[in-house]
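There are 2 protein chains.
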Amino acid sequence: MINIDRLLKNLKDIGEIGKGLDGKGISRLAFSKEYYDALRKLDNLARSKGFDTKIDKIGNLFITYNPNNKGKFIMIGSHLDTVKNGGLYDGALGIFSGFEILETLKDKKRHLNHGIILACFNAEEGSEMGGTFGSRSICGNNIISDEFKEKLAFYNLTLDDVKSCEMNLSNVVAFLEIHIEQGGTLENEKYDVGIVDGIVGITRYNIMINGTANHAGTTPMNLRDDPIRKLPNVINKLYKEAKKFDQPFVMTIGNIIIKPGMYNVIPGSVEVLTEVRDLEQSNIEEYYDEIKKFVKADEKLEIYKNIEKPSVKLDENIIKIMIKTAKENDYNFKVMSSGAGHDAKEISKKIPTAMIFIPSIRGVSHSPEEYSKPEDIELGVNLFYDCVVEIDRSI
Amino acid sequence: MINIDRLLKNLKDIGEIGKGLDGKGISRLAFSKEYYDALRKLDNLARSKGFDTKIDKIGNLFITYNPNNKGKFIMIGSHLDTVKNGGLYDGALGIFSGFEILETLKDKKRHLNHGIILACFNAEEGSEMGGTFGSRSICGNNIISDEFKEKLAFYNLTLDDVKSCEMNLSNVVAFLEIHIEQGGTLENEKYDVGIVDGIVGITRYNIMINGTANHAGTTPMNLRDDPIRKLPNVINKLYKEAKKFDQPFVMTIGNIIIKPGMYNVIPGSVEVLTEVRDLEQSNIEEYYDEIKKFVKADEKLEIYKNIEKPSVKLDENIIKIMIKTAKENDYNFKVMSSGAGHDAKEISKKIPTAMIFIPSIRGVSHSPEEYSKPEDIELGVNLFYDCVVEIDRSI
Numbered sequence: 001m002i003n004i005d006r007l008l009k010n011l012k013d014i015g016e017i018g019k020g021l022d023g024k025g026i027s028r029l030a031f032s033k034e035y036y037d038a039l040r041k042l043d044n045l046a047r048s049k050g051f052d053t054k055i056d057k058i059g060n061l062f063i064t065y066n067p068n069n070k071g072k073f074i075m076i077g078s079h080l081d082t083v084k085n086g087g088l089y090d091g092a093l094g095i096f097s098g099f100e101i102l103e104t105l106k107d108k109k110r111h112l113n114h115g116i117i118l119a120c121f122n123a124e125e126g127s128e129m130g131g132t133f134g135s136r137s138i139c140g141n142n143i144i145s146d147e148f149k150e151k152l153a154f155y156n157l158t159l160d161d162v163k164s165c166e167m168n169l170s171n172v173v174a175f176l177e178i179h180i181e182q183g184g185t186l187e188n189e190k191y192d193v194g195i196v197d198g199i200v201g202i203t204r205y206n207i208m209i210n211g212t213a214n215h216a217g218t219t220p221m222n223l224r225d226d227p228i229r230k231l232p233n234v235i236n237k238l239y240k241e242a243k244k245f246d247q248p249f250v251m252t253i254g255n256i257i258i259k260p261g262m263y264n265v266i267p268g269s270v271e272v273l274t275e276v277r278d279l280e281q282s283n284i285e286e287y288y289d290e291i292k293k294f295v296k297a298d299e300k301l302e303i304y305k306n307i308e309k310p311s312v313k314l315d316e317n318i319i320k321i322m323i324k325t326a327k328e329n330d331y332n333f334k335v336m337s338s339g340a341g342h343d344a345k346e347i348s349k350k351i352p353t354a355m356i357f358i359p360s361i362r363g364v365s366h367s368p369e370e371y372s373k374p375e376d377i378e379l380g381v382n383l384f385y386d387c388v389v390e391i392d393r394s395i
Numbered sequence: 001m002i003n004i005d006r007l008l009k010n011l012k013d014i015g016e017i018g019k020g021l022d023g024k025g026i027s028r029l030a031f032s033k034e035y036y037d038a039l040r041k042l043d044n045l046a047r048s049k050g051f052d053t054k055i056d057k058i059g060n061l062f063i064t065y066n067p068n069n070k071g072k073f074i075m076i077g078s079h080l081d082t083v084k085n086g087g088l089y090d091g092a093l094g095i096f097s098g099f100e101i102l103e104t105l106k107d108k109k110r111h112l113n114h115g116i117i118l119a120c121f122n123a124e125e126g127s128e129m130g131g132t133f134g135s136r137s138i139c140g141n142n143i144i145s146d147e148f149k150e151k152l153a154f155y156n157l158t159l160d161d162v163k164s165c166e167m168n169l170s171n172v173v174a175f176l177e178i179h180i181e182q183g184g185t186l187e188n189e190k191y192d193v194g195i196v197d198g199i200v201g202i203t204r205y206n207i208m209i210n211g212t213a214n215h216a217g218t219t220p221m222n223l224r225d226d227p228i229r230k231l232p233n234v235i236n237k238l239y240k241e242a243k244k245f246d247q248p249f250v251m252t253i254g255n256i257i258i259k260p261g262m263y264n265v266i267p268g269s270v271e272v273l274t275e276v277r278d279l280e281q282s283n284i285e286e287y288y289d290e291i292k293k294f295v296k297a298d299e300k301l302e303i304y305k306n307i308e309k310p311s312v313k314l315d316e317n318i319i320k321i322m323i324k325t326a327k328e329n330d331y332n333f334k335v336m337s338s339g340a341g342h343d344a345k346e347i348s349k350k351i352p353t354a355m356i357f358i359p360s361i362r363g364v365s366h367s368p369e370e371y372s373k374p375e376d377i378e379l380g381v382n383l384f385y386d387c388v389v390e391i392d393r394s395i
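First to last, the sequence lines map onto chains H and Z.
According to full-length UniProt numbering, the first sequence holds residues 1 to 395 in order.
According to full-length UniProt numbering, the second sequence holds residues 1 to 395 in order.
Think of the hints as simulated: they come from the structure by calculation, not from any bench.
A couple of the hints might just be wrong.
No copy labels: a pair is met if it fits in one copy or bridges any two.
[Unchecked claim] Simulated pairs of lysine-lysine, DSSO-like, Cα-Cα distance not exceeding 27 angstroms: (1) Lys259 / Lys243; (2) Lys108 / Lys151; (3) Lys84 / Lys259; (4) Lys240 / Lys230; (5) Lys259 / Lys24; (6) Lys243 / Lys292; (7) Lys327 / Lys109; (8) Lys151 / Lys163; (9) Lys259 / Lys305; (10) Lys259 / Lys19; (11) Lys70 / Lys230; (12) Lys349 / Lys244; (13) Lys349 / Lys320.
Here the structure is a predicted model, which means the values were calculated and not measured.
Just chain H, with the same shape it has in the complex (with noise of 0.2 angstroms):
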């Protein structure tokens, strides 16, 4: 059994960093002081426990324990980094969790026949160079443009430094990541612990609806091109059609901009972002050729796509361990797709992957309000322990 009070004593001590800079929250933005000032202190924490640590030069620390193995691993972890006004449980519970799962092993001093890597990733939630850059880079999974190495030099760092960071990942046999859900389904549903078998795809279009700007003043309504006239119907159709999709399918409208959005304009155009997730990449496909359709069916209507971001299946192998695992301890679980992407997705590519969920307060996460009960957590943490070991021992 882990020590969910050491646990949440730790995650406590690094969440006081960064704590009320921007609000009620915690704000350990990536590359920040306040970042650093955690990967130090928790860097000082690993070090007098025993463990072997390493910095790399963009701000990821490796934690590792049992480095007499036979050079295999299996890594865990999880981001350090927050949003701006963030909570104390996105991404660090991943870390903490993880640190306890080494001083556990340790204090067990229990047999392993791999190494374990806790990775302490930098700048998950964004940077000029996007989301998930800490994983991407020790992938090296980054994409290089000009445009990239002037990112990086905003940071003070080169593109060698990134190039630095890759890691040879054939000797780690998995990768598990436990993180808050930041949904509402777990709690909902009253699950104590979620299996994830994918992170969604992310898809976006925007659709324009054309008009003709003109004064609102002395321009009768007989003789507008008011295109918000058409609007209800396009957002009525957006809903309409995925309510034919089952969960994980999402759809949102974010936002609708209105230019050139004066009170006393009729407006030339209306543009409606819309974001479709799912795990299934068809169902997405399948989603947005019907609005096509639509908009094809209207010359005043335009629709062009804006990001593509296939979704990801995790690693079917490791996802039957935690299975029997949560079975064999009579844990209440759902299998479920998650919703946000994680450090997970871009590991998952090199390595078979796995996570797990804790659940979320009111699914609230990006927010100081952000809760997981300490109940919950242990739930998670013991499951995760035991799944580390179960890979340990079987693969």
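Given chain H's structure and the hints, the job is docking chain Z onto it.
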């Protein structure tokens, strides 16, 4: 008969100033160098023709003919400033039509009972002090506040400067403004000219749809409190109720503001900016009463007033004279209201006032594409001339 070629030459000469500054159009913004260049050019022209002129401290120019009258005046005029990248006609057509009236009266050596003052107003289009600042100031209609004084300071003006511009208008028997329609009604319904009987009131309400912002990836569709779902009903209701009123009633949704307005966040709120204009204030109230009932029936909706500028009815007696004059000269005219505010709206609070509208091609204004046909202008200004003569004779 007025001289249309002379009128258009003067109009186009002034239009060279500030041309191409911000695009293809004319930028002669209130208080700008271009504005004062134009003002001095017109002042020089007027003095070269033997008219009396006076420029006040806020940049209004007054050109007077027949100073040897019996102490009674007729005022004509419009504004000399333009919007950014505006057209040739908005405001300036009223000034050069007025100037053409003065020149024609002088050429004809016509006996007049009244002095004719051509007022060229500054800052109708807007400045820190809001629209119609020039005409508002001669009427003493400014609302004096600390904020107002601060805004004046932005133009190196003091309250004393503004007060020095107030005119004794008790000896002015009428104000007449000729202006482009800025709408498509006259062209569309094939009228030569419009006789304006009132200026619509403008009322603006914002409708707020409240929801709960949340993660667009991790919040299942059935657990969302998404305010955009209600937006189609709100928009449809706004248009449906607007249908119950006839011209000149117009309702415009000028903007929809969604917060936080990101692809990956379910919005927390949607704000719909609405504006209604009509000549009958009671129609505006009836419309919004219905909308308020609709809002009240849904606890997620709120409504609040932003602006209420009441409508103004122009002077019946002067309108009668204008209609009589138009009929006698076989004009194909429409008695109509103005959907836009004008200097005439401010002046009408102090002096019997009316307006003449010249057709705007395609209703375009505040744009380099603004255009009125020479033949329409000639017809309109000839009616304007006849009306001035008739008012001089009969009032």
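Have a look at Lys259 and Lys24 and pick one of within, between, both or neither, based on CA distance no larger than 27 angstroms. between (35 angstroms within a copy, 20 angstroms between copies)
Given a CA cutoff of 27 angstroms, do Lys243 and Lys292 count as a within-copy pair, a between-copy pair, both, or neither? Close inside one copy (17 angstroms), not across copies (31 angstroms); limit 27 angstroms.
Using 27 angstroms as the alpha-carbon threshold, which applies to Lys259 and Lys19: within, between, both, or neither? Result: close only across copies, 25 angstroms inter versus 39 angstroms intra.
Regarding Lys108 and Lys151, is the shortest C-alpha distance of 27 angstroms or less found within a copy, between copies, in both, or in neither? This pair counts as neither: shortest intra-copy Cα distance 45 angstroms, inter-copy 74 angstroms.
Cα distance capped at 27 angstroms. Does Lys349 pair with Lys244 within a copy, between copies, both, or neither? Result: close neither inside a copy nor across copies, 30 angstroms intra and 61 angstroms inter.
When no copy is specified for Lys349 and Lys320, does a C-alpha distance of 27 angstroms or less occur within a copy, between copies, both, or neither? Within one copy only: 19 angstroms inside, 83 angstroms across.
First find the shortest C-alpha distance between Lys240 and Lys230 inside one copy, then the shortest across copies, and answer within, between, both or neither for a cut-off of 27 angstroms. both (16 angstroms within a copy, 13 angstroms between copies)
With identical chains, the pair Lys84 and Lys259 could be close in the same copy or across copies; at 27 angstroms between alpha carbons, which is it: within, between, both, or neither? Answer is between: at 17 angstroms across copies they meet the 27 angstroms cutoff, but 30 angstroms inside does not.
At most 27 angstroms between CA atoms: does that hold for Lys151 and Lys163 within a copy, between copies, both, or neither? Cα proximity of Lys151 and Lys163: one copy only (15 angstroms, versus 56 angstroms across).
When Cα atoms must be at most 27 angstroms apart, do Lys327 and Lys109 count as within-copy, between-copy, both, or neither? within (26 angstroms within a copy, 108 angstroms between copies)
Within a copy, between copies, both or neither: which one fits Lys259 and Lys243 at a CA-CA cutoff of 27 angstroms? For Lys259 and Lys243, the Cα distance is within 27 angstroms only across copies (24 angstroms; inside one copy 30 angstroms).
When Cα atoms must be at most 27 angstroms apart, do Lys70 and Lys230 count as within-copy, between-copy, both, or neither? neither (65 angstroms within a copy, 61 angstroms between copies)
Violated hints, listed in ascending order, are 2, 11 and 12; each of the other numbered hints is respected by the structure.
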